[in-house]
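Asker: Next come the chains, spelled out residue by residue.
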Amino acid sequence: MNFSGRAFSGQTEAAVQRQADAGGAAWYLYGITRALTPDALRQAVATAQDAVMPGAGSAPVQAFVRGKIAAIVRTVSLADFEPDALRERLNDLTWLEAMARAHNAVIAAIHEQQVILPAKFGSVYVSRDDLGAALDADQQRLLGELRRLHDCDEWAIHLYADRATIEHQVADEDSDLRRLRDEIAEARPGRAYFLQRKLDGEVSAAVDDALAERARGVVDRLRPFTRDVVLQATVHARSGSDGDEAEILRAALLIERTNREGAFHAFQSGIDTQVGLRGECSGPWPPYSFVTQPEASQHEP
Amino acid sequence: MSRSPAEEQEVTLMELLDRVIARGVILAGDITISVADVDLIYLGLRVMLSSVDQAERSGLGLGHDRRTEALNE
Numbered sequence: 015m016n017f018s019g020r021a022f023s024g025q026t027e028a029a030v031q032r033q034a035d036a037g038g039a040a041w042y043l044y045g046i047t048r049a050l051t052p053d054a055l056r057q058a059v060a061t062a063q064d065a066v067m068p069g070a071g072s073a074p075v076q077a078f079v080r081g082k083i084a085a086i087v088r089t090v091s092l093a094d095f096e097p098d099a100l101r102e103r104l105n106d107l108t109w110l111e112a113m114a115r116a117h118n119a120v121i122a123a124i125h126e127q128q129v130i131l132p133a134k135f136g137s138v139y140v141s142r143d144d145l146g147a148a149l150d151a152d153q154q155r156l157l158g159e160l161r162r163l164h165d166c167d168e169w170a171i172h173l174y175a176d177r178a179t180i181e182h183q184v185a186d187e188d189s190d191l192r193r194l195r196d197e198i199a200e201a202r203p204g205r206a207y208f209l210q211r212k213l214d215g216e217v218s219a220a221v222d223d224a225l226a227e228r229a230r231g232v233v234d235r236l237r238p239f240t241r242d243v244v245l246q247a248t249v250h251a252r253s254g255s256d257g258d259e260a261e262i263l264r265a266a267l268l269i270e271r272t273n274r275e276g277a278f279h280a281f282q283s284g285i286d287t288q289v290g291l292r293g294e295c296s297g298p299w300p301p302y303s304f305v306t307q308p309e310a311s312q313h314e315p
Numbered sequence: 019m020s021r022s023p024a025e026e027q028e029v030t031l032m033e034l035l036d037r038v039i040a041r042g043v044i045l046a047g048d049i050t051i052s053v054a055d056v057d058l059i060y061l062g063l064r065v066m067l068s069s070v071d072q073a074e075r076s077g078l079g080l081g082h083d084r085r086t087e088a089l090n091e
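Top to bottom, those sequences are chains A and B. Each residue of the first sequence is one higher than the one before, counting from 15 in this note's numbering. Each residue of the second sequence is one higher than the one before, counting from 19 in this note's numbering.
In short, the hints are calculated from the structure, not lab data.
FRET-style restraints, in silico, Cβ to Cβ:
1. A:Trp109 to B:Thr30: 16 to 22 Å
2. A:Gln63 to B:Thr30: 21 to 27 Å
3. A:Ser72 to B:Thr30: 25 to 31 Å
4. B:Thr30 to A:Arg155: 28 to 34 Å
Partner residues aside, some chain B positions facing chain A, computed with beta carbon under 7 Å:
5. Glu33
6. Arg37
7. Val38
8. Arg41
9. Gly42
10. Ile44
11. Leu45
Virtual Cβ for every residue (Gly too), placed ideally from N, Cα, C.
Please work from the sequences and hints to get the whole structure.
Answerer: Written as structure tokens, this is what we have:
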């Protein structure tokens with residue numbers, strides 16, 4: 015099969031092909047973007063050239079155009095991505111971190127210019143024909159994904175709660191808990207012991223409910239400003255490493271750029287209106303958490 | 019409660035790995051080594067991070083337990 019796409023990297027296509035096909039080169043896929051004009055693609059790819067990836071040498075980041083989409087790729091040594099070599103390299107946290115940072119740096123640079131679907135880390139194609147065939151097979155779905163994610167950023171949010179503060183609040187506000195506490199104060203030691211255990215269980219459950227309600231309250235404030243929300247974890251029952259502070263929510267938000275300020279304000283006001291809550295956010299990220307997978311991908315277990 | 023710059027960087031690295039390693043698009047009809055290798059990478063990463071976590075508990079202080087937690091959920 016002959017590869018019929020076009021390559022934009024500042025090198026001639028023939029030079030790129032020679033480089034890839036010589037010496038066991040493979041194609042590392044960073045993501046899929048729209049093939050707008052050649053100038054727009056060249057400009058987008060040019061911004062990604064500073065991301066140095068271990069093992070890639072001086073190979074440039076390139077865009078392979080296939081119809082209306084373009085794959086952002088770079089040649090790497092296939093030997094670095096063969097299973098045995100990978101198993102060994104994955105023990106090297108420095109290598110892994112450098113790879114992950116380079117992977118993200120390329121995607122983030124393109125993302126600043128135009129919408130991109132981030133590829134899963136480590137997607138390596140042994141030939142451009144294989145990559146071209148995969149792009150052809152998935153073209154319409156990928157175009158739909160690119161339309162859906164246009165002008166959007168991903169933001170990560172974390173919510174933390176001071177469990178002791180919430181517990182005091184709940185214990186003071188809940189009349190059943192107050193009554194039980196009064197009963198314990200007047201009970202004989204044996205009965206007081208069992209009542210105390212009952213109280214502890216009920217307080218714990220009430221605190222969990224209160225934490226979940228607070229997390230829901232913040233997300234509800236954010237929803238008008240988000241196109242999508244992925245709740246990654248709600249861990250209200252567990253104390254965190256910072257004393258009694260528990261992480262009660264971890265979520266990814268897909269936010270249109272025009273709604274960014276509104277979302278920040280909603281997040282901040284959602285935290286400020288609740289005693290004992292603290293929030294963190296990071297972004298803008300490319301939309302890693304919002305790409306959907308094909309229904310029948312050949313995903314080996 | 020504020021975080022030290024080192025802690026901030028750790029959170030950011032956790033966020034990065036959580037996204038880069040665990041998510042991202044897979045193309046339909048992949049017929050090359052890509053999908054299998056992604057699985058190998060992800061599986062390998064879990065194993066590697068588990069060993070980092072054990073090192074943390076044994077006092078080597080590598081400080082990646084939160085990342086392990088995030089990736090294993």
